[in-house]
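Trainee: Letter by letter, the chains look like this.
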Amino acid sequence: MNVILIAVIVLGVIGLVSALVLYFISHKFAVHEDPRIAQVSEVLPQANCGGCGYPGCSGFAAACVKAADAGSLEGKLCPVGGQPVMEQVAGILGMAAVASAPKVAVVRCNGTCENRPRNAEFDGAVSCRVKNMTGMGDTGCPYGCLGCGDCVSKCQFGAISMDAETGLPVVDEEKCTACGACAKACPRGIIEIRLKGPKGRRVVVLCNNKDKGAIANKACKASCIGCGKCVKTCEKFQAITLENNLAYIDAEKCKMCRKCEEACPKGAIHGFNFPPRKPKAEEPAVQSTDNTPNQNVEPSKAE
Amino acid sequence: MKPIISLSPHVHGGDSVQKNMYGVCIALLPALVASLWFFGVGAAIVLATSVAACVFFEWAITRFILGRNTLTVCDGSAVLTGILLGFNLPGNLPVWIIIIGALIAIGVGKMTFGGLGQNPFNPALVGRVFLLISFPVQMTTWPAVNATDATTAATPLSIMQEAITSGDASVLSKLPSLQDMFLGATGGSLGEVSALCLLVGCLFMLWRKIITWHIPVSILGTVAVLSAILHASNPVYAVPTQVLCSGGLMLGACYMATDYVTSPMTGKGQLIYGVCIGFLTVIIRNWGAYPEGMSFAILIMNAFTPLINTYCKPKRFGEEAVKK
Amino acid sequence: MKSFHIGGVHPAENKLSAGSPIREAALPRQAVFSMFQHIGAPAKPVVQKGDTVKVGTLLAEAGGFVSAPVYSSVSGKVNKIDSVVDASGTRRMAVIVDVEGDEWEETIDRSKSLVRLSDRPDLDSKTIVEKIKNAGIVGMGGATFPCHVKLTPPPGSKAECVIINAVECEPYLTADHRLMLEHPEEILVGVDLIMKAVNVTKGYIGIENNKPDAIRLMTEKAKQYPGIEVVPLKVKYPQGGEKQLIDAVIGRQVPAPPAIPINVGAVVQNVGTAYAIYEAVMKNKPLIDRVITVTGKSVRNPSNLLARLGTPFQQLIDECGGLPEDTGKVIGGGPMMGKALLSLDVPMTKGSSGLLIMNKKEARRAEPQPCIRCAKCVSACPMGLEPYLLSKLASMEEWETAEKNDIVSCIECGSCQFTCPSNRPLLDMIRVGKTTVMGIIRNRAAAKK
Chain A
18 MNVILIAVIV LGVIGLVSAL VLYFISHKFA VHEDPRIAQV SEVLPQANCG
68 GCGYPGCSGF AAACVKAADA GSLEGKLCPV GGQPVMEQVA GILGMAAVAS
118 APKVAVVRCN GTCENRPRNA EFDGAVSCRV KNMTGMGDTG CPYGCLGCGD
168 CVSKCQFGAI SMDAETGLPV VDEEKCTACG ACAKACPRGI IEIRLKGPKG
218 RRVVVLCNNK DKGAIANKAC KASCIGCGKC VKTCEKFQAI TLENNLAYID
268 AEKCKMCRKC EEACPKGAIH GFNFPPRKPK AEEPAVQSTD NTPNQNVEPS
318 KAE
Chain B
925 MKPIISLSPH VHGGDSVQKN MYGVCIALLP ALVASLWFFG VGAAIVLATS
975 VAACVFFEWA ITRFILGRNT LTVCDGSAVL TGILLGFNLP GNLPVWIIII
1025 GALIAIGVGK MTFGGLGQNP FNPALVGRVF LLISFPVQMT TWPAVNATDA
1075 TTAATPLSIM QEAITSGDAS VLSKLPSLQD MFLGATGGSL GEVSALCLLV
1125 GCLFMLWRKI ITWHIPVSIL GTVAVLSAIL HASNPVYAVP TQVLCSGGLM
1175 LGACYMATDY VTSPMTGKGQ LIYGVCIGFL TVIIRNWGAY PEGMSFAILI
1225 MNAFTPLINT YCKPKRFGEE AVKK
Chain C
96 MKSFHIGGVH PAENKLSAGS PIREAALPRQ AVFSMFQHIG APAKPVVQKG
146 DTVKVGTLLA EAGGFVSAPV YSSVSGKVNK IDSVVDASGT RRMAVIVDVE
196 GDEWEETIDR SKSLVRLSDR PDLDSKTIVE KIKNAGIVGM GGATFPCHVK
246 LTPPPGSKAE CVIINAVECE PYLTADHRLM LEHPEEILVG VDLIMKAVNV
296 TKGYIGIENN KPDAIRLMTE KAKQYPGIEV VPLKVKYPQG GEKQLIDAVI
346 GRQVPAPPAI PINVGAVVQN VGTAYAIYEA VMKNKPLIDR VITVTGKSVR
396 NPSNLLARLG TPFQQLIDEC GGLPEDTGKV IGGGPMMGKA LLSLDVPMTK
446 GSSGLLIMNK KEARRAEPQP CIRCAKCVSA CPMGLEPYLL SKLASMEEWE
496 TAEKNDIVSC IECGSCQFTC PSNRPLLDMI RVGKTTVMGI IRNRAAAKK
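Keeping their order, the protein sequence lines are chains A, B and C.
Quick note on numbering: this note's numbering labels position 65 of the first sequence as 82, and the sequence is numbered without any gaps.
Quick note on numbering: this note's numbering labels position 88 of the second sequence as 1012, and the sequence is numbered without any gaps.
Quick note on numbering: this note's numbering labels position 194 of the third sequence as 289, and the sequence is numbered without any gaps.
Treat the hints loosely; a few may be bogus.
[To be verified] For lysine-lysine, the following DSBU-like pairs were computed, each having C-alpha atoms within a straight-line distance of at most 30 Å: (1) C:K529 x A:K201; (2) A:K276 x A:K227; (3) C:K378 x C:K149; (4) C:K97 x C:K329; (5) C:K392 x B:K943; (6) B:K1192 x C:K226; (7) A:K272 x A:K238; (8) C:K226 x C:K149; (9) B:K926 x A:K235; (10) C:K221 x C:K253; (11) C:K291 x B:K1192; (12) C:K499 x B:K1237; (13) B:K1237 x C:K291; (14) C:K392 x C:K329; (15) A:K227 x C:K175; (16) C:K97 x C:K221; (17) A:K276 x A:K253; (18) B:K1239 x C:K499; (19) A:K227 x C:K144; (20) A:K235 x C:K175; (21) A:K227 x C:K139; (22) C:K329 x A:K201; (23) A:K238 x B:K1133; (24) B:K1192 x C:K378; (25) B:K1133 x C:K392.
[What the hints assert, rightly or not] Here's a subset of chain B near chain A, in silico, CB distances under 8 Å, partners left out: (26) P927; (27) I928; (28) K943.
Worth flagging that the hints you see were computed from the coordinates, not collected in a lab.
Bear in mind the structure is a predicted one, so any value in this text is a computation, not a measurement.
Glycine included, each C-beta is placed from N, C-alpha and C at the ideal position.
Let the sequences and hints guide you as you build the complete structure.
Mentor: Set out below in structure tokens:
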């Protein structure tokens, strides 16, 4: 009985002393942080993805507080939480919420196995960065998707996956937070973080090929050959520019009329998430996604 | 022509995991023959059970728990673990205990860490130590050599421990002759008895470049030197040659400590590793509660391997020129 | 026997063409001259479509100090200046010439008589380097570093000796071997020229011990060339690596980058470069042809061809029995460090030392297995690095730790991957790490300014 009593007292005293020591140390060495940072941090998604451009959610929270003190939350956006979270942050900091347009990752390549023949077999570490070092890769296009999935392994949200049949990555627009990790991972800069567009609709040139038209055409059926027809159709809105044999549509200027899509002789331009329209005669088969709701899936068009 | 493209190099030396694993198995053949010679059917049962159980558990865990489709049992590492585990057991160990040992060795010692190449501790030793602590009686009751009945015998190590605890050097005269200890005609676990066979196998591995000399030499050398010092100070401690041929020292130094996954990556690191194992073995054997210290010494140093790897980097080309 | 001291492996030698004397390849129908045949700025074309050119006519001038001019190796008309896929696997600018006849520039001396340094007292160090620069000579071992830059030591460094790389440690390649057997004295004069260019009196020629006939012949001939010593070296890869060769011959180890061989007083040149220097300085012949080994286990007629630059590889393989049926891989260079080609339509360049055809069985890599931490890669690495660690750090994108572990010192020799029992793509990942870390270092240096 004595032994038990002694043991209990000794341990109890040790516990008490340790607790007191910890209490004093935690107060003496406390880091004084602006309490607002913790408040803001609480409403953030805690994904620590870096998509905001800051080191983790706590870094972003600190940046928001600093920006609020400077006067405006302009330029601060958490792509994962989106507008609702930014409104909460603004509320906590007593600022007006800044509206910003949602974005999404777009894979600007339509060089499927059918469109772009593989003329070699790659053997080695399954990594786009490694495959890119072989030169052109296993096709005739030095700008096209390499298909090893570096983008897929970088996505923290499971929003991008490899389609085994086409050999191209497919973006799940519901899950994509536009954090930009896939775009950074791609050694050829094929993935672009673009404006999602009204009703999620956008028109994009699905090609990254800067070779001259004849060479691009030989490498891939769905390539942009730099003919410039799309530029001409967009004379009214001036949304399309042609540089280095490659057309590019400015998302801010595009009015979604899709005239360029009709005009493109190679079918390199694509409208995403539009309602179906009368199918035209023979166009090259394209990658298809079927995991975005409110879609009308057309058999031969991408969404 | 649809050529294959890859980055250089475009040739390979032909070495493989299988070659190395099965190479060690071949090196263990002399010791295997010795164990069957000295311990008969019992040895055969123990080894067969150990190998079969290890292979089975690796296959089952890989297939059903890890959900992987690739067959890793063919690479020879499970077979090797099975043989080494079996060599660390007495020839009369019940089959059900062996199976538990195999489950722990493969399941806990290897697969929980992710499989081949990921384990920090030697799987066979993890299994052996688990069994030693869980079933101390069965694990320390060895059959006599060429025993046809269930007689058990004292091992050289237990005699040495008796000499130290009693303080009576004359106890050491009960030790088998050096020739018997070298050839293997003594009590002990299956694989540890025949120093000769183990050395032959070790030379084979050195010849085939499966292992390098650093670990076996540093362990045996350290033990020899320490034993000599101890013997000179007090005759209760056995002569170095007897110490070297006793217990699991030879087996551990040549086959267990040299395990690729759990030993350091540079020659310098391996020498440090080996010297420390030698020290620990001598300390545990002479002043610890257990007669055999090899398994514990190796496991302790396995824990230090990552630290040794961090501080023992190979000499960089041009390093000396920079220092000047 | 001398050798480098750290690491190394022993790939099978397969010197199938060692007994084949050099023979001249036929002229191509169309020659393609890449503007990127060397390290440094690309050459700039000075001809236009329709221009008539002869052998030795300047097609493109050097694009800077670290650059080299390109000369026509054929006579005919310039077809066009366009981008073509070259041996790098990418599309780059080239001058394409339709071949007509075989007319040479009059300035070139086509006689075979030997001209020694003693016959040309007019040649001083500066003139020699100038002639080498104007002839467009680059490192012929495959690195294609502009020769005149190496022969112009930067201020603060001094050359102490010249080391000639006649090791040819890559399996299959025999071009340097045959060159030594058939043109020993021209090579020795070339070495003399290099020694004069950098003002040294000591020259070494390192030859691997699997070429005893070349060692014997060169040693015999070198007796007449005071200051030049033939050094037989142990057969081990990568004995011919620049840093390893210096370690073997003079026992000095070049420190980690940014240090270069001249920092230990050594000027290293390939033996083929020495030969080209002889031709350039003594015969006014710019770099327009070279010996290339066309080889492979299934190749009907493995040979050493003296081919004009710009000849498509397809033609070279046709002259050796045609492309075998079971071809799996086509490699420009040797099997350890060569580059796998997408097609045989690429043209031969200044650095094309070999064309290796691998059959389907040899060409495929085995399936990688987990790293078993055997440390064989560590023992094999000639630079004293830890390939298993660097590869892991690169795949985990731990660039800072990779830099601390000296990833930029990797010479990409491939010994690690060659040795690995688990067939892991070590060098693939180390390359990714090396390029990224070098980029980080460059950005850091630029930001400081």
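Trainee: So if I understand the rule, the pair passes when the alpha-carbon distance is 30 Å or less; does C:K291 with B:K1192 pass?
Mentor: 45 Å, violated
Trainee: For the pair supplied as a hint, B:K1192 and C:K226, confirm whether the alpha-carbon distance does not exceed 30 Å.
Mentor: Violated, because 51 Å separates the two Cα atoms, which is more than 30 Å.
Trainee: Hint check: A:K238 vs B:K1133, CA-CA at most 30 Å. Holds or violated?
Mentor: 54 Å, violated
Trainee: If you draw a straight line from the CA of C:K97 to the CA of C:K221, is it 30 Å or shorter?
Mentor: 34 Å, violated
Trainee: Taking only the CA atoms, is the gap from A:K227 to C:K175 under or equal to 30 Å?
Mentor: Holds, at about 21 Å.
Trainee: Take a quick look at whether A:K227 and C:K144 sit within 30 Å of each other, Cα to Cα.
Mentor: 24 Å, holds
Trainee: Next pair to validate is A:K235 with C:K175; report whether the Cα-Cα distance is within 30 Å.
Mentor: 20 Å, holds
Trainee: CA of C:K97 to CA of C:K329, is that 30 Å or under?
Mentor: 6 Å, holds
Trainee: Given the hint that C:K329 pairs with A:K201, test it: the Cα-Cα distance must not exceed 30 Å.
Mentor: Distance ~47 Å between C:K329 and A:K201 Cα, so the pair is violated.
Trainee: Holds or violated: A:K227 and C:K139, Cα atoms, limit 30 Å.
Mentor: The hint holds at about 22 Å.
Trainee: Are C:K392 and C:K329 close enough, with their CA atoms no more than 30 Å apart?
Mentor: Answer holds: C:K392 to C:K329 is near 25 Å, not above 30 Å.
Trainee: Please work out if C:K499 and B:K1237 have their alpha carbons no farther apart than 30 Å.
Mentor: This hinted pair holds, its Cα atoms lying about 12 Å apart.
In terms of the numbered hints stated before, the structure departs from hints 6, 11, 13, 16, 22, 23, 24 and 28, listed from lowest to highest.
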